[in-house]
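Engineer: One-letter residues, chain by chain:
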Amino acid sequence: MAHGPQSGFKRWLFTTNHKDIGSMYLWFSFAMFLLGGCMALVIRAELFEPGLQIVQPEFFNQMTTMHGLIMVFGAVMPAFVGLANWMIPMMIGAPDMALPRMNNWSFWILPFAFAMLFSTLFMEGGAPNFGWTFYAPLSTEYAPPSTTFFIFSIHIMGASSIMGAINIIATILNMRAPGMTLMKMPLFVWTWLITAYLLIAVMPVLAGVVTMMLMDIHFGTSFFNAAGGGDPVLFQHVFWFFGHPEVYIMILPAFGIVSTIIPTFARKPLFGYSSMVYATASIAFLSFIVWAHHMFTVGMPIAGELFFMYATMLIAVPTGVKVFNWVTTMFRGAMTFETPMLFAVAFVILFTIGGFSGLMLAIAPADFQYHDTYFVVAHFHYVLVPGAIFSITAGVYYWLPKWTGNMYNETMGKVHFWLAFIGLNLTFFPMHFVGLAGMPRRIPDYALQFADFNQISSIGAFLFGAAQIVFLFNVVRTVMGGKKATDEVWDNPQGLEWTVPSPAPYHTFSTPPAVR
Amino acid sequence: MGLSDNAKLATKLLALAAGMLVFAIFVMPPLYNAFCEITGLNGKTGGRYEAVPAAVDSDRTVTVQFVASNNENMPWHFKPGRVSIKVHPGEETNAVFLAYNPTDRDMVGQAIPSLVPFKAAEYFHKTECFCFNQQTLKAGESAELPLRFIVDPDLPRSVNTITLSYTLFDVTERVSAHFDNNNADPQREG
Numbered sequence: 211m212a213h214g215p216q217s218g219f220k221r222w223l224f225t226t227n228h229k230d231i232g233s234m235y236l237w238f239s240f241a242m243f244l245l246g247g248c249m250a251l252v253i254r255a256e257l258f259e260p261g262l263q264i265v266q267p268e269f270f271n272q273m274t275t276m277h278g279l280i281m282v283f284g285a286v287m288p289a290f291v292g293l294a295n296w297m298i299p300m301m302i303g304a305p306d307m308a309l310p311r312m313n314n315w316s317f318w319i320l321p322f323a324f325a326m327l328f329s330t331l332f333m334e335g336g337a338p339n340f341g342w343t344f345y346a347p348l349s350t351e352y353a354p355p356s357t358t359f360f361i362f363s364i365h366i367m368g369a370s371s372i373m374g375a376i377n378i379i380a381t382i383l384n385m386r387a388p389g390m391t392l393m394k395m396p397l398f399v400w401t402w403l404i405t406a407y408l409l410i411a412v413m414p415v416l417a418g419v420v421t422m423m424l425m426d427i428h429f430g431t432s433f434f435n436a437a438g439g440g441d442p443v444l445f446q447h448v449f450w451f452f453g454h455p456e457v458y459i460m461i462l463p464a465f466g467i468v469s470t471i472i473p474t475f476a477r478k479p480l481f482g483y484s485s486m487v488y489a490t491a492s493i494a495f496l497s498f499i500v501w502a503h504h505m506f507t508v509g510m511p512i513a514g515e516l517f518f519m520y521a522t523m524l525i526a527v528p529t530g531v532k533v534f535n536w537v538t539t540m541f542r543g544a545m546t547f548e549t550p551m552l553f554a555v556a557f558v559i560l561f562t563i564g565g566f567s568g569l570m571l572a573i574a575p576a577d578f579q580y581h582d583t584y585f586v587v588a589h590f591h592y593v594l595v596p597g598a599i600f601s602i603t604a605g606v607y608y609w610l611p612k613w614t615g616n617m618y619n620e621t622m623g624k625v626h627f628w629l630a631f632i633g634l635n636l637t638f639f640p641m642h643f644v645g646l647a648g649m650p651r652r653i654p655d656y657a658l659q660f661a662d663f664n665q666i667s668s669i670g671a672f673l674f675g676a677a678q679i680v681f682l683f684n685v686v687r688t689v690m691g692g693k694k695a696t697d698e699v700w701d702n703p704q705g706l707e708w709t710v711p712s713p714a715p716y717h718t719f720s721t722p723p724a725v726r
Numbered sequence: 007m008g009l010s011d012n013a014k015l016a017t018k019l020l021a022l023a024a025g026m027l028v029f030a031i032f033v034m035p036p037l038y039n040a041f042c043e044i045t046g047l048n049g050k051t052g053g054r055y056e057a058v059p060a061a062v063d064s065d066r067t068v069t070v071q072f073v074a075s076n077n078e079n080m081p082w083h084f085k086p087g088r089v090s091i092k093v094h095p096g097e098e099t100n101a102v103f104l105a106y107n108p109t110d111r112d113m114v115g116q117a118i119p120s121l122v123p124f125k126a127a128e129y130f131h132k133t134e135c136f137c138f139n140q141q142t143l144k145a146g147e148s149a150e151l152p153l154r155f156i157v158d159p160d161l162p163r164s165v166n167t168i169t170l171s172y173t174l175f176d177v178t179e180r181v182s183a184h185f186d187n188n189n190a191d192p193q194r195e196g
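Those protein sequences? They're chains A and B, same order as listed. Each step along the first sequence adds one to the number in our numbering, with nothing skipped, and position 438 is 648. Each step along the second sequence adds one to the number in our numbering, with nothing skipped, and position 146 is 152.
Only chain B is shown next, with the shape it has when bound in the complex:
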């Protein structure tokens, strides 16, 4: 017994508590993101994909459906160019989404993807996507937002339809407040 024993033990326990705080803030979020990326949980799709030459499986056709929606008060008109496309796995395909800013102010939007079925998420590769960057539209401006993707030939046989949804967020205030001319962060999740 004695004060030094108590002090030693208290220091150790305090270190344990500090460790748990670090774990919660700095380990759990990246761990969660990595876990979601690996498993395709929540339909999170990966970042930019470097195309590797692969045989196109022209015997198989997969329907890719596009869904566009706006988060709460986002006023932009946002819709897919075509609602659905039939593709062969392995083939690089282009698609567009149409966005129009009907307001009288310049705005910045950020699209966040989600894909169902979850198990298809890791087989859906985007070589180019407007969701990798924030989109700036001046007042009254409209734009065609490009998307280029490849459905992996290893996509499980049971999946015939993939639905890719984009939710458009108004990030104008966030950008002006915190990240002037900086659109680096969404890349990670893109």
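Just chain A, with the same shape it has in the complex:
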């Protein structure tokens, strides 16, 4: 049944085509990125000066909460799933995803989840205001009534992620072209395989923790209620048992993208392919035994503090292997700096800075000083913005000519990169300093001595926001038309996706390709 796409809205509603679904995921995630970004700009506008200017503290708290939730679950995760949908079948020589109908479903429940989450902003009592980590009892006994909608939207997002992960694993394990052995798979496929297992292991734990909240709120249980014999600290353990693997879910596919892009523009094969695979697996394993480093100050015995401190520091070893391999791949390569490469190189440098501040936070005795300050905000934004977001952006620029058949505007891409690069460093680097000086996170007002650095941060944030408009414009223009891309697009790139025409036809690899 070789046929093209249906016309009109039905094409998108009923599609089971991995490319269509991938595109929908990517557009959805970009919309959420802009929405979450606007919320970040509300936060930064309020923090431009000390004192209350623009929003009330209650609304400020709703903004920090919704910004975090939307960026984590709405922007970063769906973007990676979108890239997986587009690229994994093309990279392993499969005609489509293994479970195409489930693929459609796992995408289409997402807009409903986020519509529900977003609608809480207009409800009586306001949106959730307890931070994206929603610690009990702040999120149970003291939470606004809209929390129930938040819980259900998390359930739906979880279901979507689990279905997406099952689909990706089934595709990778069952649908590879003959000759595509596991150790021949591109690293993006490898990192996604491991990420998918992480998702299946921890998204149910997230569903479990919000279910326990739901029961505490409505059905009189006392999982997290001390008065009924429960324990609020239990919430933190269960949440971070999900939460730490979750942060690797948001970075492992990024490692895969960067490991794909750097060899192309360094014109050298990736250094240490198998060590990259093992390092990814080690990071995934370690992510399950370090969760309590998020809660050093909660009151743990010294043995616990030491265990979680050393286990956390151990993660620096496989991560160091990866950074070493990327640098070594570039070493003495014939490098050129097209937009995807600029983002990839910035990823390596800035993600490493985020990794170092992570090591500082891993030192349990020092963490008591840093805990819940802007230093933490600086740290996780350094790993997520130039980590996850930059790698996704790099991936979009890298594969966009393959998707659309048109070259993007290189000058505009470079403008986007430099605006984003300068903007993000202006935004997040000063946060290290105000954090070390003791400015707490999640506050709408602050002491006078932090004013200068906060103004720099706010200016940087608006610059970073403006950069994304350039990105949007560039992508839309490339979709509409532009210089035709060749089938290979880049200078001798590796991978099966470059063996199909540009733009990639609606159906690719209906007969499996030969893999050397």
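Calculated from the structure, these hints are not laboratory results. Values in this document were obtained by computation on a predicted structure and should not be read as measured data. One thing to keep in mind: the hints can contain errors.
Examples of chain B residues toward chain A, derived with CB under 10 Å [unchecked claim]:
no.	residue
1	D11
2	A16
3	G25
4	A30
5	I31
6	F32
7	Y38
8	L47
9	V73
10	N77
11	K125
12	D176
13	V177
14	R180
Rough simulated footprint, nothing fancy, chain A against chain B, three-plus residues with beta-carbon under 8 Å [as the list claims (entries may be wrong)]:
no.	segment
15	18-24
16	111-124
All residues carry an ideal CB built from backbone N, CA and C; glycine is no exception.
Following the hints, put chain B in place on chain A, whose structure we already have.
Structural biologist: The following block gives chain B in isolation, referenced to the frame of chain A:
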């Protein structure tokens, strides 16, 4: 390849996800409680202790301090009868806490214990404690809430002072809404 392979694998992975959900809701909380009870983490003290005859170590004196506090809006007056008692390990000791309901409505309270240092938690045995049950005080009523405990003679030598704190929670609404005449659950943590 083929649909059945994919379906089989998907079923297995779905089962794994379902297993993790069960693990999160039904295994992690009891596991956490058991872990805290064994290690004394968070200063959780055990439930009712059946006294076993043990030699009183009269050479050694341990100071037991009592702290009483109210959770957020709990209006009761709540304080220990004596702020601190000196006891010999192995000796069964009585103490009281005083509670008074100054409001004009009947209320139910639940006291939750916590003990520092954590490593002393497993050596502090309560043979009787008001925290094992919810306490009902009528409007304007006051009560002496009893506590009987034994400090284990095996208490590490380094511990000379134990601080036992009770936080009193207002559970009136919870009781009327969900557990009429039922105060079974706190027993577990007591």
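Engineer: Indicate, hint by hint, whether the structure satisfies it.
Structural biologist: Hint by hint, here is what the structure shows:
1. At a threshold of 10 Å, the smallest CB-CB gap from D11 of chain B to chain A is about 5 Å, leaving the interface hint in force.
2. A hinted interface residue such as A16 of chain B counts as satisfied when its beta carbon comes closer than 10 Å to some beta carbon of chain A; here the least separation is about 5 Å, so the hint holds.
3. Taken as an interface hint, G25 of chain B checks out: its beta carbon lies about 8 Å from the nearest beta carbon of chain A, inside 10 Å.
4. For A30 of chain B, the interface hint holds, the least distance from its beta-carbon to any beta-carbon of chain A being 3 Å, beneath 10 Å.
5. A hinted interface residue such as I31 of chain B counts as satisfied when its beta carbon comes closer than 10 Å to some beta carbon of chain A; here the least separation is about 5 Å, so the hint holds.
6. Among the interface hints, the one on F32 of chain B holds; its C-beta lies about 9 Å from the nearest C-beta in chain A, closer than the 10 Å criterion.
7. Given hint, Y38 of chain B at the interface with chain A, holds; its Cβ is 5 Å from that chain's nearest Cβ, closer than 10 Å.
8. A distance limit of 10 Å between C-beta atoms decides the matter here; for L47 of chain B the minimum to chain A is near 7 Å, and the interface restraint holds.
9. Annotation: interface hint on V73 of chain B violated; nearest CB of chain A at approximately 15 Å, more than 10 Å.
10. The criterion of a C-beta within 10 Å of any C-beta in chain A is met by N77 of chain B, whose closest approach is roughly 7 Å, and the hint holds.
11. Given the 10 Å rule on beta carbons, the hint for K125 of chain B holds: about 8 Å separates it from the nearest Cβ of chain A.
12. Satisfaction of the interface hint for D176 of chain B is found here, the shortest Cβ-Cβ separation to chain A being roughly 8 Å, below the 10 Å cut-off.
13. Because the smallest distance between the Cβ of V177 of chain B and any Cβ of chain A comes to about 5 Å, under 10 Å, the interface hint for this residue holds.
14. Checking R180 of chain B against chain A: minimum C-beta separation of about 6 Å stays under 10 Å; hint holds.
15. Requiring three or more residues with a Cβ within less than 8 Å of a Cβ of chain A, the coverage given for the segment 18-24 of chain B holds, as 5 such residues are present.
16. Look at the segment 111-124 of chain B against chain A: 3 of its residues bring a Cβ nearer than 8 Å to a Cβ of that chain, three or more, so the hint holds.
The structure shown violates just one earlier hint, number 9.
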